[in-house]
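Trainee: Single-letter residue listing:
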Amino acid sequence: MSSRIDAAPRSTVARDDLGLSTPYIAPKTPAEEKLEEIWRAVLMMDRVGVADRYLDLGGDSFSATVIFAMIDETLGVSLPMASLGAAPTIAALAQRIDLAKKDKEPESA
Amino acid sequence: MTSVGIGPSAPAASQTQIAPSAQMDEAERSAAFKEAAANARRAAQERDWQTAARWWREAIASSPDHAPAYVGAGAALRSAGRVDEAEELLSLAMERFPDNEAVALGHAHTANAARHWPVALERWTHFCARFPNSIAGVRGRLSALRGADRVDEAAGLLNQAGEALAAARLRGEDTIEVRWLALEIAREANEPAAIRPAAQALIEAVRDPGQLVRIAQACANAREFELADRAASMALAVDPRNTGALVARAAAATEHGEGEAALAFYAELIALNPDAVRWRLMRFRLLNWMGRTADAAEEFASLYQRWPNEPMVRVFRRTYLAEGQLVLGQLRGDANASEADLDTAAEQDLRTLAERAPPEVQRVRPLVAPQPNEDVIEVICPVAKTAVLIFTGFNDAVSIPLATFDRYLATIPVAAIYLKDFNRLRYLGGVRSLAVDIAGTLRSLSDMVSRLQVDRLVTMGNCVGGFAAIRYGVELGADRIIAFDALTHIGRDSEIGVERGYNFLRKRLAANVPAELTDLRLFLEQRQYRNQIDLFYLADSSEYRENAERLSKFQNVQLHPISSKLPHNGLRQFALSQIDFGATLRDLLDS
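Here the protein sequences come in this chain order: A and B. Take the first sequence: its letters are residues 1 to 109, numbered as in the numbering used here. Take the second sequence: its letters are residues 1 to 591, numbered as in the numbering used here.
If you are wondering where the hints come from, they were derived from the structure by calculation, not from laboratory data. Computed from a predicted model, the values in this text were never measured in an experiment. Quick reminder that beta carbons are idealized off the backbone N, C-alpha and C, glycines included. Among the hints, a few may not be true.
What the hints assert, rightly or not - Covered stretches of chain A (in silico footprint by chain B; criterion: 3 or more residues with CB under 8 Å from a CB of chain B, positions within the stretch not fixed):
id: 1; stretch: 16-23
id: 2; stretch: 56-62
id: 3; stretch: 90-104
Generate coordinates for the entire structure from the input sequences, incorporating the hints supplied.
Mentor: And the structure:
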């Protein structure tokens, strides 16, 4: 499924046109990379920095619904939409995903 | 105008020249400097950075010993995007004025502008050591840390910056830098109560559209939409094509339920970038939510023709045009379009429901054809003893496309009337093709049910359709009312801050319908009703649970929690949870 996110050519909004206060920071961890892919597809943007705030990018509840469904589907982590309140950036959300994944791992003997 | 050295008329504006003109005496040089500096400041006020840079260079040529001219020239060159020239000039200035705070500040800012983060951090470290009370230094270092992806250090610096801010205020400083730092600290701490005064103080002082947009974004994050709108308006007054400001104003108007205003901002965004599908989708959704359903359909058909494979266009189609999928598939000239691209769990759920539907042989009547432009679809079943009124939700479906839902219903010997609220006012403005209000709609529906000659009446619906099923069901004396995820009042704004979209619908309803009509608890309190009311709701959704529990104490009301990890689409989740949804639906309608 994840490979399809980028399958279609799209006409995107340029991140740099939005006048964000944060400089662009590229994703580093696998969770950040996947989240950037999802946010970019759902918000229809050319790129999203990991420190960019969701609302600054013009995100709303509908987009959030789609994003969280995709997170569940592609990363296997089910987070409440309210997570965006306390973790409004890709970097913060990725940390939560990594923590949730860690919690799901069986304890080693 | 005195034109000396590198002036506006000089051919090589980028040349760095700091030797004074030999032909001028001291008095002439001083006069030339003052005039050039005044012209430069005037150009900078008008945001004409190229001209400002040229005048500053002329000022420097007239009198190379004035550090402010280098600082002004550096700022103008940075703003004009000529960062290399700014670097060259300010490096010379650093040699000439090594102890000047403004020069050092401009020098460090230039490294930020060039995004040479290691160099910038080195310069800010030196600057902050040399000028420890400078708030501008704190902010510059903060930007460099963020740019260098040292996010944790940036957060740490911001946490400690409160002390520097307090000290600056004790010293009586109230500069723009101080106000910015106050806003950044409040924003980092996510303290809306602190963001408001900080933003207000800044709005009064800032004229740069880029800075105003950032203030607008900070305010919008704190749900201070009026302030956000004010800041964005001011940005647009200076720069009418500022995308960030238009986005902020569109968001504020949406939040306030001001559809026409939001549409106007999206129109400007579309004009600025006709190739961006996102603004077209936003416009389509607003038109739909405003009850301009024909315009919305036209908009979607147009954008779907252009971007049929855009993933979010497919998501919008599935979500907002559930019943119209086949029509759009034909429009695209692809018979399989309605079934294609099932690349999300939601689409898979819909496919599962379609696959599980009872076979044709079990049907007691033909299926209804998709009729996206009709808000009343009557389904006759000659042997029916029961009639069911099905109130669809905002998207003209019951969280399941009507075409799919009808494949289950068509196996049950009931007459059915599918209803849609094209007014998008929870049916409180009536059903458009029947009447202009509830009373007229109730009369029409009552006549229609009488003509069906049935013994029982059932009303059902999902979400806003659930609201209507209760409201109309009680008025029509329905034997049973079945509501899924019924919204039983307008509800409060989201506490998590991402509800811009749905808040529009709530605000619009509040603006168009008297409050007492929107609350089903008040409605039931005022009615002597005997109907059986079954409220199904997604147990894990605090919103739907709260809406259902508000009615739990009323007579004949039974609550049925649905277990699902998903927060929306109650009837769909309920149907998926049943081994045989067709049989369950029959039981619900017959018993």
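Trainee: Which earlier hints turn out false for this structure, listed by number in ascending order?
Mentor: 3
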